[in-house]
Structure formats: C-alpha cells, structure tokens
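Asks: Since chain A is already given, all that's left is putting chain B on it; use the hints.
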Amino acid sequence: MVETNSEGKEGKVTRRQFARGFLLAAVAGAFGSLLSLLKVLSPPASKGGGYVATVALGDLLVYAKGSRQGSLLKASDFQVGDAVLAYPQGKTGNEANLVQLIRMKEKEFKPPTRLELTDQGFVAYSAICTHLGCTVSWMKNEKDPGASYTECFCHNSIFNPARGARVIGGPAPIPLAQIGVKVSKDGTLVFTSGFSGPVGPQV
Amino acid sequence: MISKWFDERLELKKFKEKFLTKAFPTHPTFLFGEIALFSFITLVITGIFLGFLYEPSIDKVSLFGAMVPAAYASVVRIDLLPLGMIIRRIHHWSAMIMIAAIVTHLGRIYFTSAYRKPREINWLIGLALLAVTLGAALTGYLLPYSQFSVTATSIAYYISKSVPWIGGWLSRLLFAGEFPAAGTVPRFFFLHVMLVPLALLGLIGLHLLVLVKHKHTEPAANRKRTDARGGRRLIGIPVWPEQSFISVSLFFFLLSVVVLMATYIPLNPIEAYGPPSPATPVMRPDWYFLPIYGFLKLIPGNLSFSIAGGKFTPEAIGGVLFPGLLALILVAIPFLDRVSTPRNYIENPLHRPVMTSLGIAGGAFLFMTTLSGYIDVLHIAPSSMAIYVLVVTAAAWGISYLLLRLYCRAGKKGDHVKT
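Chains as they are written, first to last, in our numbering: chain A, 1 to 203; chain B, 1001 to 1419.
Worth flagging that the hints you see were computed from the coordinates, not collected in a lab. Take the hints with a grain of salt, since some may be wrong.
Said to hold, decoys possible - Heads up, simulated PhoX-like pairs for lysine-lysine below, C-alpha to C-alpha not over 20 Å straight-line: (1) K1004/B / K65/A; (2) K182/A / K91/A; (3) K1004/B / K1018/B; (4) K91/A / K1060/B; (5) K182/A / K74/A; (6) K140/A / K105/A.
All values reported here derive from a predicted model rather than from experimental measurement.
So here's chain A without its partners, still in its complex pose (with noise of 0.2 Å):
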C-alpha cells in the first residue's frame, strides 16, 4: 500500500481520487435519497383539484350566516336589490356550494345570464372569487337598486349580476358561475341545475 501516496499510474486510482470519489458518491447518493421526501412531505391533490361544488337538483337553500344560519330562506323576505349567502341544506362543509342569492328585476337580466336558470328575478352565483377565492360582497345601491353589484373586498374584483356576473372591473379572470334557482311553491328556494362553470380560484 505504499504506492497510494504518490500519483496513481494508469489504470490505478490513488487513494486521493478515492476519497474524492466516494466522498462525492456519498454526498449525491444522501441528498439523491432524501428528494424522495420533498414528494411524501407534499400530499397528493385530491380529485378534481380545488373547489368541487356537490350542489343536488332539488336542495333546498338556507342561511349561510347570522342569526337566522342554518334555516331555510323564504322568497318574502326578499326585496328587490337585496342579496344573501346561502348553501344548500345540508352540504354546508363545502365552501365550494357557497352562492350568493341576489332578487332583481326581472327585466334587467341581459346576456350571458342564463334566463333559464333565474325564477321571479332570483339568480345565484357562486360566492367564491375565482382570483383568489375570498368570499364576494354585495353592493347595494340604496337609490338605485338595479346599480348594486357583487365585489371581493381582498383585491376589488367587481362583478355584474344582471349580465352573468361577467369580471366589469379587478383582477379576477372569469365571471362567477351562474347556478339553477327556482322558488318552490311554499315560498323557500330550491335548486335547479349545478354550476355553469368553474367554481373557485383560476389557478
């Protein structure tokens, strides 16, 4: 083992190169076993990904907060220009079943809104932003209802409801997904169709 010190002949690793070598092979062979981590420590995307709205033809709507949380809305106690968060009954865990409940005048509905999927001036969208999903606000406009609209107050998305809640001023990249309303016959709210589109932030 004498010869290791000097410069190795050909064909022969000194024991410099080797240490090297293995220090390195060391080194790569730990960080190389330890990127696995960075895949377990990430746990996987559930289905879908994001926002996945489990809204059923036929739920009833309820309160989505304050006093009345929890109790069936009544569309009497609805003027026109006011508006509500609401879930359907039952499914309130999931943030992505969110709406906002708004009463205008039938009249002022214009395209993309779905006419088909508004009753007696109700229409819903979804509550969630879809820049980066906070929940929206209403605007209402004391004098003139009909010029009330739907904001995010995180960065001033402004959304219109009379024409589809089509993005009319922010960052948000889509219009709010328009949902199936209809007033039953004893007066509360029930759903008729699912989402019209994509729930939830775009990204």
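Replies: Okay, now just chain B, sitting in the frame of chain A:
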C-alpha cells in the same frame, strides 16, 4: 472572586483582548441592524410565552358556548390572561418593527454603497434574512385561525398554487394539503416556531461572522485620520464598554417603546374578526405585504401567458413574478455596481446620482404599489392607477437624477470621481 474562577478556566482576558476591544464606528444609521436583532430577541422571548399556551389544531372546541377551532380558542384564552393580550401584541409589533428595521437597514446599505466589494456576501445573507423574516410573518398570520388569518392565508395558498410548473406540488408541500386542510395549522406552527427561527439564528450568526471579518464600513470623514495613521485601522469606539453600553440602552429603549405601543395601539383583534366564517370582510395585509397586495389589484384579469407548459395567470404575475423580479434586482445590485478594489468607506449618496436616483425610483415604486392597495377607498380605477405608478416612478427617477447631477456639477463631484 467569581470572575477569577471563570477566567482561570475560560481565559476570558484573552477573549476580551481579542474581541471586546474591536472598534465600532459611530454613526446613528449603523444601529438599524441592531434594532432588527433586538426585535428578534423580543420575538423569541414573547414567542416562548405564547408557545406554552397555543394549541396548533383546528378541531372544534367549545368557547363560551360556541364551537370554534381549538387554535382560535387558545389565542382568545391567551388574550384573557393577565397581560396575555399585551404579550401577543408585543410579539406582533416586534415583528413589524423587525421587518421595518431590516428594510431601513437595507436602504442604508444601498444608499451608502456599503454592499460593494468585499461585502457582497453579507448583502446576500441580509436579503435572505429579509426573505425568511417575511416567511416568519406569513406563517405567523395563520396561527390565531381567525377570519382574517384564514382569508390572508388562503390568498397566500392560491398565490403559491399559481407558481408555474410546480405550483400544485409546492402549495401542498407548504400548506400540508389543499388549504384549508387539517394539517395546515400544525405545519405552519412547526415552520413558525422551529424551522424559521432556526434559519434566522443561523443566518444572523453568519451575518455577524462576516461582519466581524470585514468590519464596518466607516464614515468618509474618518478617511483622513486613517490615512494619517498609515493605513487601514478602524476608527471607532471599543465594543466593551462603550458600544455595549449603547446597545444595551438601545435594547431596553426599544423594549419600552414596543411595550407602550402594545399597550395603547390595538393590533390584530382576533375577537373582532371572529372565527372563520363564510364572508370576507374588507381587509388588508400588514404593511410589508401591501406592495404585492396592491400590485395584485392592478393586474387585469385577462393578462396571462404560457411558457413551455407553465401557465402564468394574473395571480402568478402579481404574486410570484413581481416579487421574484424585485428579489432578483436586489440580488443583482452588488454584481452590477462592481468595483475592482475593496471599498471600506461609506459614500455620500448625494455624490452618486445613478445609484441614488435608481434607489429613489425603487422607493417611489414601492410606495405607489402600496397605495394601489387602497384604490377601493381612493376610488381610482386599476388601469389609471397602473399609469400613475409608472408615471410617478419615472418622475421620481428623472427628477432626482437631474437634481443630483446638477448638485454634483456645482460641487465638481459625482460618479466619475475616483474614490
């Protein structure tokens, strides 16, 4: 007696001669870094108190008859303890002061050109410290699990998810699943009380080690005296006793200011925000995130593009590309403004029109993007605000450059002068 016992074992005298006699140049602007360090110490101490009482879980528990997340309930209980709310506010205020001190420190280094050779490494370590401190703030936001916390963190989640190519994996890694997942609070708690403070400690140690190696830059006024003594010897006061006395006084002064602020200025009133509920109030992040928040408001929703399968959505442009670009510029500064020989004196910013005017333009830009966070109360349309941002930034640069040039010509000084 006691000091002799220790001295015989630890050779304190030698240590004192070697390190505590080091000269510390005197200039009041050299204390911003110390303020950041002292805020960190306050944060650790108050953090230990909070850590004993905080419960990192979102399981529903009963609080005054209502079912709320355990994390929220535990912070409400902290607030109800004698001095509990003050300790929590001291923690939050110290975080704000720490970031403000870091930013001011960075500005001081920039405008006096103290980032140049041989101090580029410490410039980079300092930037890393700023980034990690912002990470500490971000992870701290979530822990009380109030309506505010959840909304703010949700925005951070979607920004991280919008990172091109790796967004999905990255967001699930940081937030332990798709926010709001049950694992998010425990993971942020671990990051906030363990990983981030350790990283900060390591970086602070490195920052100081490199500082001891390089020594401080000196006020230019010292130059003649140093030259008269025949070369590079630092002029200043010794670490012990003078500088130590100043530092300890500063620490306790800072502490008293923070305690006063915590006592009288409310901050993050989680009881007013309430536990998470389906409604987003009008809310703004703490001031240091306002430029990003404001910028996000300016990006039109239809602005997006793709590169090699990576999608750059408006969120990615405002929340990832924009801060990334700012960071890149900061990293590049010492490598763009290069000098061949080491520089150990601070420059007068008035004598450096190019760098100083660019710095002023950068400050104006950050101010205007911060202002963009308020377009809803100012009633300005995003598109007009975007124009204002550009105009004000360009004007700040142009005007300050012209004025500085005129000033230098009058005094026959400026960038061309060999220093």
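Asks: What's the verdict on K1004/B and K65/A, does the C-alpha distance respect the 20 Å limit or exceed it?
Replies: Judged against 20 Å, a Cα distance of about 70 Å means the pair is violated.
Asks: Does K105/A lie within 20 Å of K140/A when you go C-alpha to C-alpha?
Replies: Satisfied, since the Cα-Cα distance of roughly 14 Å is no more than 20 Å.
Asks: Take a quick look at whether K1004/B and K1018/B sit within 20 Å of each other, Cα to Cα.
Replies: holds (18 Å)
Asks: Quickly compare the C-alpha distance for K91/A and K1060/B to 20 Å and report which way the hint goes.
Replies: holds (18 Å)
Asks: Holds or violated: are the alpha carbons of K182/A and K74/A at most 20 Å from each other?
Replies: Status holds; Cα separation ~11 Å.
Asks: Taken at face value, is the distance from the CA of K91/A to the CA of K182/A at most 20 Å?
Replies: holds (19 Å)
The structure fails to meet hint 1 from the earlier list, while all remaining hints are met.
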